[in-house]
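Participant: Terminal number for the sequence shown in my numbering: 297, no gaps in between.
Any given hint could turn out to be false.
Listed below are the simulated DSS-like cross-link pairs for lysine-lysine, each with C-alpha atoms no more than 27 Å apart in a straight line [what the hints assert, rightly or not]:
{"hint": "1", "residue 1": "K217", "residue 2": "K190"}
{"hint": "2", "residue 1": "K275", "residue 2": "K213"}
{"hint": "3", "residue 1": "K275", "residue 2": "K217"}
{"hint": "4", "residue 1": "K294", "residue 2": "K190"}
{"hint": "5", "residue 1": "K213", "residue 2": "K190"}
{"hint": "6", "residue 1": "K190", "residue 2": "K275"}
{"hint": "7", "residue 1": "K275", "residue 2": "K294"}
{"hint": "8", "residue 1": "K294", "residue 2": "K213"}
{"hint": "9", "residue 1": "K294", "residue 2": "K217"}
No lab work stands behind these hints, which were simulated from the structure alone.
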Amino acid sequence: MDVLVGLGGSDESIKTLRQTIDRTQAVGDDLTVAILEKPEAKRSQDEMYEQADTLLTEADIDAELVRLEGDPGSALVDYTEQGEFDQLVIGGGTLSPMGKIQLGPITEFVLLNSPTTVKLVR
176 MDVLVGLGGS
186 DESIKTLRQT
196 IDRTQAVGDD
206 LTVAILEKPE
216 AKRSQDEMYE
226 QADTLLTEAD
236 IDAELVRLEG
246 DPGSALVDYT
256 EQGEFDQLVI
266 GGGTLSPMGK
276 IQLGPITEFV
286 LLNSPTTVKL
296 VR
């Protein structure tokens, strides 16, 4: 399967990448990692790129790393449309006090507009 994972610079993004790496090692997916531009994120785009590269190298996975500029949701959906990905993996969603999932605006945009199947890692 050809998998695209979108990373925004949060701890959640690292968790999402680690889970995707585990799956890639288990089943041999082709992996592309898109690093989103999110100025308000915990890690800069450069820091996230370096951390992703380190995790992929440690796992001995040959994946393409790309940097996406502009609005994170739109950039990720546009990049997904340009490729022939079988699945898009993103992190997102928190639980409300009532136990229901709450989605941030970027996650919601991607879920509603992605041209391919989206796997949401929580």
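Participant: If a hint holds in the structure, say so; if it does not, say that too.
Facilitator: Outcome of the hint check:
no. : hint           : result
1   : K217 with K190 : 14 Å, holds
2   : K275 with K213 : 26 Å, holds
3   : K275 with K217 : 25 Å, holds
4   : K294 with K190 : 13 Å, holds
5   : K213 with K190 : 17 Å, holds
6   : K190 with K275 : 21 Å, holds
7   : K275 with K294 : 17 Å, holds
8   : K294 with K213 : 21 Å, holds
9   : K294 with K217 : 22 Å, holds
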